[in-house]
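Undergrad: Top line first, the protein sequences correspond to chains G and Y.
According to the working numbering, the first sequence is numbered sequentially starting from 1.
According to the working numbering, the second sequence is numbered sequentially starting from 1001.
Source of the hints: derived by calculation from the structure; they are not laboratory data.
Just so you know, not all the hints are guaranteed correct.
In silico lysine to any residue, SDA-like type, Cα no more than 20 Å apart, as pairs [said to hold, decoys possible]:
#, chain 1, residue 1, chain 2, residue 2
1, G, LYS13, G, PRO106
2, G, LYS1, Y, SER1051
3, G, LYS1, G, ASN71
4, G, LYS13, G, GLY62
5, Y, LYS1070, Y, PRO1008
6, Y, LYS1056, Y, VAL1044
7, G, LYS1, Y, VAL1044
8, Y, LYS1056, G, GLY62
9, G, LYS1, G, LYS13
10, G, LYS1, Y, SER1028
11, G, LYS1, G, GLY40
12, Y, LYS1026, Y, ARG1060
13, Y, LYS1070, Y, ARG1041
14, G, LYS1, Y, LYS1026
15, Y, LYS1026, G, LYS13
16, Y, LYS1026, G, SER86
17, Y, LYS1069, Y, VAL1044
18, Y, LYS1056, G, LYS1
19, Y, LYS1026, G, GLY42
20, Y, LYS1026, G, ASN59
21, Y, LYS1056, Y, ASN1038
22, G, LYS13, G, SER105
23, Y, LYS1026, G, GLY58
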Amino acid sequence: KAGVTQTPRYLIKTRGQQVTLSCSPISGHRSVSWYQQTPGQGLQFLFEYFSETQRNKGNFPGRFSGRQFSNSRSEMNVSTLELGDSALYLCASSPMGQGAGSYNSPLHFGNGTRLTVT
Amino acid sequence: SQQGEEDPQALSIQEGENATMNCSYKTSINNLQWYRQNSGRGLVHLILIRSNEREKHSGRLRVTLDTSKKSSSLLITASRAADTASYFCATSLGANNLFFGTGTRLTVIP
């Protein structure tokens, strides 16, 4: 089974631009979560999508948004980029997600998209 | 914040030695998970221990959980150079997302 695939692997953008990151989950996995990883803040949860619906959301500004398609693939968008948005963005999938009753499913992570904002 | 904290932040050992990492968290949990991350890569799930379990083994890994102290430990026995990575604990309340700790950077010297 193919793992979680994230594209692109690296991105360089300038302040004020917007960016779209893509994530293809493991086949059959319906939940996709996004995390931001920085040296200063560590791993922080952005949001989770399940069956095309945002089910959970972390504490990030509205500039960060996402969506999930009917094939479970997910995209994450960041608008009006700031220098502080430079980070490794990780996508993770699981069969059912992290809601009650399914929280014992581990997450399967992609290798991330390294975003650099200049 | 429910975020866990790993201790130590960095650990350097010789190949063949055991490595122990600790994780403390703040609130009640449903389970605690350990993940490994090689530099610049995604996280790999290692082991999950439920709140009603006290110890779990998987190969060279041994995890303990003490819910009264809100702490967990990960022991890697007979370490190998390939074990060099960052290790994170993650807690789950069950209703929301995973909260990751700050990580322990393990270096195994050949």
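Undergrad: Could you work out which of the previously given hints the structure breaks and list their numbers from low to high?
TA: 1, 2, 8, 9, 10, 11, 12, 13, 14, 15, 16, 17, 18, 21, 22
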